[in-house]
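Number of protein chains: 4
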Amino acid sequence: MKALGIGLIGTGYMGKCHALAWNNVSAVFGDVERPRLVHLAEANAALAASRAREFGFARSTADWRDLLADPEVDVISVTTPNQFHAEMAIAALEAGKHVWCEKPMAPALADAERMLAAQRSSGRVAVMGYNYIQNPVMRHIRSLIDEGAIGTVNHVRVEMDEDFMADPEAPFYWKSEAASGYGALDDFAVHPLSLLWSLFGHVEAVIASLAKPYADRPLKEGGRRAVENHDIASVLMRLPGGISGVLMANRSAWGRKGRIALQVYGSKGSILFDQERMNEFQLYTVDGRASEQGFSTILTAPHHKPYDRFIPAPGHGLGFNDLKVIECRELIAAISGMASHSIDFNHGLRIEKSVHAMAQSFREGRWVEIAAA
Amino acid sequence: MKALGIGLIGTGYMGKCHALAWNNVSAVFGDVERPRLVHLAEANAALAASRAREFGFARSTADWRDLLADPEVDVISVTTPNQFHAEMAIAALEAGKHVWCEKPMAPALADAERMLAAQRSSGRVAVMGYNYIQNPVMRHIRSLIDEGAIGTVNHVRVEMDEDFMADPEAPFYWKSEAASGYGALDDFAVHPLSLLWSLFGHVEAVIASLAKPYADRPLKEGGRRAVENHDIASVLMRLPGGISGVLMANRSAWGRKGRIALQVYGSKGSILFDQERMNEFQLYTVDGRASEQGFSTILTAPHHKPYDRFIPAPGHGLGFNDLKVIECRELIAAISGMASHSIDFNHGLRIEKSVHAMAQSFREGRWVEIAAA
Amino acid sequence: MKALGIGLIGTGYMGKCHALAWNNVSAVFGDVERPRLVHLAEANAALAASRAREFGFARSTADWRDLLADPEVDVISVTTPNQFHAEMAIAALEAGKHVWCEKPMAPALADAERMLAAQRSSGRVAVMGYNYIQNPVMRHIRSLIDEGAIGTVNHVRVEMDEDFMADPEAPFYWKSEAASGYGALDDFAVHPLSLLWSLFGHVEAVIASLAKPYADRPLKEGGRRAVENHDIASVLMRLPGGISGVLMANRSAWGRKGRIALQVYGSKGSILFDQERMNEFQLYTVDGRASEQGFSTILTAPHHKPYDRFIPAPGHGLGFNDLKVIECRELIAAISGMASHSIDFNHGLRIEKSVHAMAQSFREGRWVEIAAA
Amino acid sequence: MKALGIGLIGTGYMGKCHALAWNNVSAVFGDVERPRLVHLAEANAALAASRAREFGFARSTADWRDLLADPEVDVISVTTPNQFHAEMAIAALEAGKHVWCEKPMAPALADAERMLAAQRSSGRVAVMGYNYIQNPVMRHIRSLIDEGAIGTVNHVRVEMDEDFMADPEAPFYWKSEAASGYGALDDFAVHPLSLLWSLFGHVEAVIASLAKPYADRPLKEGGRRAVENHDIASVLMRLPGGISGVLMANRSAWGRKGRIALQVYGSKGSILFDQERMNEFQLYTVDGRASEQGFSTILTAPHHKPYDRFIPAPGHGLGFNDLKVIECRELIAAISGMASHSIDFNHGLRIEKSVHAMAQSFREGRWVEIAAA
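Those protein sequences? They're chains A, B, C and D, same order as listed.
According to UniProt numbering, the first sequence is numbered sequentially starting from 1.
According to UniProt numbering, the second sequence is numbered sequentially starting from 1.
According to UniProt numbering, the third sequence is numbered sequentially starting from 1.
According to UniProt numbering, the fourth sequence is numbered sequentially starting from 1.
Hints listed in this document are in silico derivations from the structure and should not be mistaken for laboratory results.
Check each hint, because a few of them may be wrong.
Just so you know, same-sequence chains aren't split out, so a pair can sit in one copy or run between any two.
As the list claims (entries may be wrong) - Capping the alpha-carbon separation at 20 Å, the derived lysine to aspartate or glutamate pairs in EDC-like fashion look like this:
#, residue 1, residue 2
1, Lys268, Asp287
2, Lys353, Glu113
3, Lys268, Asp216
4, Lys268, Asp167
5, Lys268, Glu292
This one's a predicted model, so the numbers in the text were calculated from it and none came from an experiment.
Construct all of the structure, not just a fragment, from the sequences and the given hints.
This is how it looks when you write it as structure tokens:
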């Protein structure tokens with residue numbers, strides 16, 4: 001395949017992360033043509049120009065629609081705030097570009113559905129930025145489960161916790177407005193759902209409890225304003241194959257910084273993982289003598305593909321940004337028509353439907369079944 | 001107070017554990033009269049005699065009712081299988097003895113209610129064997145919460161997991177029969193509930209999901225028999241003060257041996273604990289500079305009362321059996337009419353009502369409120 | 001064997017610990033006669049009487065020599081300060097009593113040698129209180145090494161660290177006087193040496209570096225006094241079979257409470273242990289697939305004898321005081337003429353010679369070979 | 001400063017790592033001109049061409065001397081095997097290029113001294129590739145020590161262990177030849193020494209014990225060959241300010257993958273770090289109430305500069321390759337004449353002298369003082 005021409009919209013953290021991925025994917029993997037960094041869009045023209053220079057893009061613009069018209073652009077990274085995803089992704093697909101869109105698809109389910117429709121009619125590749133599924137550890141866990149290393153899985157728990165909303169005296173801001181979404185469900189639940197999908201397929205039914213740790217928060221201008229959504233979500237789930245599950249998300253959990261803790265229980269063993277220690281996982285199997293059975297802490301190593309493309313020695317560790325490089329490689333595979341482990345708009349929509357079902361189950365105090373996308 | 005005369009019914013593990021506690025309580029604490037080990041009952045007379053010799057009891061019997069008539073017996077430890085608790089505890093109370101009864105009170109709620117009634121009419125002390133609440137670590141956590149070290153608690157998660165039912169090919173035995181109870185709820189949920197009560201008070205409402213990891217198990221005589229209860233329980237909870245909670249119990253969780261993992265989140269910090277490492281806990285507070293904030297792993301030490309009565313140096317560690325010695329000291333306090341941190345029949349009944357409410361919430365697919373005892 | 005009659009000298013922490021062991025050994029193990037607690041000696045007569053009551057001893061005295069003349073006393077526990085060990089142990093042996101003496105034997109090597117001579121001429125059993133070797137985890141590690149689970153051991157590191165001397169502004173007291181011994185070497189090195197002996201046999205040659213973290217300490221009466229011994233010791237060692245080793249001891253190591261961290265490296269695997277988490281160890285072996293190799297964290301369980309005598313369920317945990325009960329059982333085995341895993345005066349003397357050799361190697365700046373006892 | 005023109009010699013793992021650093025440094029930091037990747041040298045011309053394409057270099061050559069003559073090249077990365085470092089670095093400096101050379105400088109001390117001399121006469125910047133000192137965690141530890149967070153440091157231990165030489169039946173290869181160097185000292189000791197230098201300054205005196213876990217190894221062609229150097233090194237050290245230290249290195253330590261475990265003890269606290277969990281460290285201080293003192297596990301966060309340049313959220317984690325990007329930024333600072341935290345040829349030489357002193361101390365069985373470079 002010839003070198004892809006890249007367009008990038010947005011230069012915040014995720015924009016930078018995409019830029020690093022496009023810069024590194026060829027050097028790291030050595031099996032794809034080095035992408036050409038063609039065109040960068042950022043609302044502020046001066047910022048666009050300086051970021052283009054730093055990131056290595058050939059040209060820049062303050063109008064993202066310029067990328068649609070640029071014949072050298074084959075793929076567009078959409079890394080802007082969530083409310084712009086639908087408009088940009090649909091326009092890009094209609095312009096015949098492949099799309100790499102940060103999660104989630106869109107705040108409104110209807111917009112997400114339009115995005116999927118646009119992808120289907122375009123015939124182009126459209127992939128979501130769910131990078132945690134790309135961790136070599138997660139991929140190895142998936143292969144272990146698939147090969148039956150822990151027997152038949154029957155129970156799973158997953159917790160995603162951070163503490164950026166933990167301070168009750170931090171000023172009220174948009175994340176506590178109902179207009180921004182359900183709260184922890186939107187911010188966090190989608191990530192565990194992406195991991196569960198990767199390992200087991202989509203969640204089938206849910207019942208959720210949502211909680212507000214703080215009824216109100218101070219306003220910068222004085223006084224307090226009532227919090228309109230929920231920083232804590234606890235969800236009972238039914239997964240494919242009769243697996244019972246619990247999903248917990250808390251964005252006001254003091255001390256948690258980037259925790260995504262997974263427990264998978266099977267008929268022959270168990271697997272534990274925590275994203276805060278993303279370069280290791282724990283495995284318990286019933287092999288061998290009972291007096292030496294315990295959870296093994298396994299450090300990432302070249303065995304765990306594609307760690308080997310980054311580092312030839314075990315135990316040295318990948319970083320969060322490296323996951324985006326792997327995701328980028330998977331996107332290129334998809335564009336090349338090869339097998340790809342990534343979440344396309346179809347699966348992305350199903351994940352977002354699951355989140356809406358959780359919110360509904362809380363409102364109605366009952367289990368809600370989730371329909372296929 | 002004069003030395004208490006002790007009767008013991010049952011010489012299985014819990015009988016031994018009670019015997020060790022009665023042997024040690026005076027030497028460890030140094031502030032109570034050394035109990036007189038008077039009378040031991042065990043169905044097999046020869047076993048009763050040999051255990052009495054090993055445990056240091058003056059006399060033994062094959063008929064537990066002999067203890068009721070023994071004027072030298074002031075307190076009776078009831079450590080027999082659950083189905084005998086009600087009969088023995090009620091008889092002991094009616095005979096004017098204090099009672100130390102292993103948990104749970106009784107398989108049937110009606111029997112537990114009769115036990116409470118017997119205690120009330122007797123005016124004697126009747127305490128349940130919920131030893132995990134006696135861990136100096138748990139007591140210190142309780143004092144930290146009470147003094148506001150982590151602010152106002154808003155969320156709690158507790159998991160209790162072991163793997164003694166994890167092997168799907170282990171022969172069917174009575175624990176998989178419906179007659180033995182709900183499964184994980186009976187075996188495990190009562191312990192986390194005792195901890196939650198100790199920290200926050202009784203659970204107010206629940207909705208549970210129960211799961212069978214294995215539909216059937218092999219019979220020793222050949223063939224397989226359907227499993228009749230649930231090895232896995234996941235429960236959403238509402239606790240006093242608007243605390244949201246999740247309780248998870250799994251007796252088929254490979255690799256877990258004696259796990260009771262607690263996460264408590266407050267407005268100023270968090271606390272973590274796991275019974276598998278019962279001599280430590282983790283504390284995160286927002287004190288000090290952000291760049292050095294992290295979970296502190298705190299080892300038990302003489303600061304954490306009554307660890308100091310066992311060992312004068314920090315970090316040396318108590319064992320599971322030591323918790324029973326503390327529980328014994330609390331029982332003596334109660335008998336002496338002093339403040340005691342223990343679960344009497346009143347609170348024990350409420351815990352058992354909570355378990356029944358969980359089972360009901362699963363059957364009916366809805367939240368169930370739990371009435372006061 | 002008939003029930004042993006017990007005499008106890010000293011009622012500080014170690015006296016209490018011995019008393020608990022004598023109280024529990026029969027109930028825990030169920031295979032030895034319950035000892036008769038005969039006679040307790042403590043310099044203060046009133047304290048002697050009250051401790052006797054608490055600990056369950058029949059009579060008490062302010063003169064320890066009364067125990068020598070007591071025909072009902074078969075074994076004497078010596079738990080007094082180190083400088084009294086030689087006189088008491090020798091007198092006890094000469095009176096025909098067996099001796100259970102807390103470590104170390106004596107501050108002066110000549111006294112330790114007289115103790116061994118007294119034991120040899122008495123024909124009685126004399127055992128040192130090195131309880132860490134009795135941890136079921138350590139015993140299991142020993143059996144793993146013996147059966148070749150990690151191949152041939154070639155390297156070992158052991159660290160013993162606490163922080164009771166870590167505060168430079170804590171008042172000067174006797175532990176900083178040269179008369180009290182070398183410092184960390186006496187306080188701590190003997191324990192790692194007992195573990196090394198248990199696993200590999202006695203150390204053959206050493207070179208040590210001793211260090212004073214603080215040149216002086218404040219006097220209660222004002223002013224400061226120079227510290228006369230060394231709170232930190234670092235030792236290179238040669239062990240049997242060409243094993244290279246490092247022993248580190250630090251009694252001024254902030255944050256360490258009861259750390260004895262062991263690393264054993266062999267040709268087929270490795271073993272890690274830390275006394276601060278005394279109910280677990282870590283094992284790495286080259287068995288199985290490389291992609292799942294990692295250190296397994298193994299919790300103590302009934303497999304790890306004699307944990308099963310204390311608790312029938314895995315993962316529930318023993319405490320520090322329980323180790324003394326096991327040591328007591330080993331002492332009874334030795335008195336019964338059966339195989340016993342304990343450190344008698346012969347091996348105890350060799351451990352103390354090793355400590356003196358370390359101090360000599362530091363003074364002389366060269367390797368020192370250690371002669372057999 | 002104008003954009004630097006980059007030459008790269010070598011395309012093995014370290015060549016790739018340098019290439020990624022040059023590709024990323026501008027995008028990550030945003031405060032330096034994006035370097036121009038000018039010229040790549042690799043002995044095999046075809047490989048040179050394909051790597052140049054993957055890594056983004058404009059041209060390639062099979063003759064590394066072509067880079068010396070290339071006027072567009074300002075800096076040369078030397079990532080070839082150790083025996084070529086001296087020749088290439090000296091030639092580059094003599095050609096007026098700045099040099100970024102992978103560690104160590106050279107197998108022979110005389111060559112390392114010539115490299116320093118060449119740097120001095122050239123007036124160019126020459127920096128070694130000691131990337132572990134660039135970890136934001138290590139930098140933060142350094143600032144904590146400097147500001148007195150743990151008081152006056154008095155003791156330090158550092159262990160570097162991996163297991164790539166742990167299998168005794170792996171075929172003999174060049175790393176076991178005496179010609180390749182001392183063994184663990186060369187492979188590993190230099191890294192801990194770089195960390196110690198970064199925190200405390202250079203080691204002053206040493207005494208080492210070197211050990212061979214395996215006397216011989218199998219030859220591919222049959223038979224066995226004696227191992228000529230030492231896979232294990234244990235070293236007692238004296239550091240500036242009277243700090244006592246222990247350095248341990250083992251390249252045959254089963255289960256260790258990339259361990260660099262550091263323990264730093266001071267008069268007011270302690271710090272622990274392990275490179276296998278490179279995104280966290282542990283801090284113990286005597287601040288606050290004794291009953292809550294424990295080691296805090298602190299996850300890397302934007303507070304810990306320059307983590308914030310990679311990721312704006314805490315706890316997400318950097319990878320090993322990211323450290324090279326930071327090192328690259330420091331090199332650019334040095335070339336710009338600004339303060340730089342990096343190990344230049346002067347300090348690099350002193351580290352290598354320390355290694356030779358360790359070997360000498362082992363041969364001579366005595367302490368060896370290390371002269372300033």
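Here's how the hints hold up against the structure:
Proximity of Lys268 and Asp287 under a CA criterion of 20 Å is satisfied in both settings, with 9 Å inside one chain copy and 18 Å between copies. For a Cα distance limit of 20 Å, the shortest separation of Lys353 from Glu113 inside one copy, 10 Å, qualifies, whereas the shortest one across copies, 46 Å, does not. In this assembly of identical chains, the alpha carbons of Lys268 and Asp216 lie at most 20 Å apart only when taken from different copies (16 Å versus 47 Å within one copy). Taking the closest pair of Cα atoms, Lys268 and Asp167 come within 20 Å of each other only across two copies (7 Å); inside a single copy the shortest separation is 42 Å, beyond that limit.
Taking the shortest alpha-carbon separations for Lys268 and Glu292, both the intra-copy value of 15 Å and the inter-copy value of 15 Å come in at or below 20 Å.
Violation of the numbered hints given earlier is absent; every hint is satisfied by the structure.
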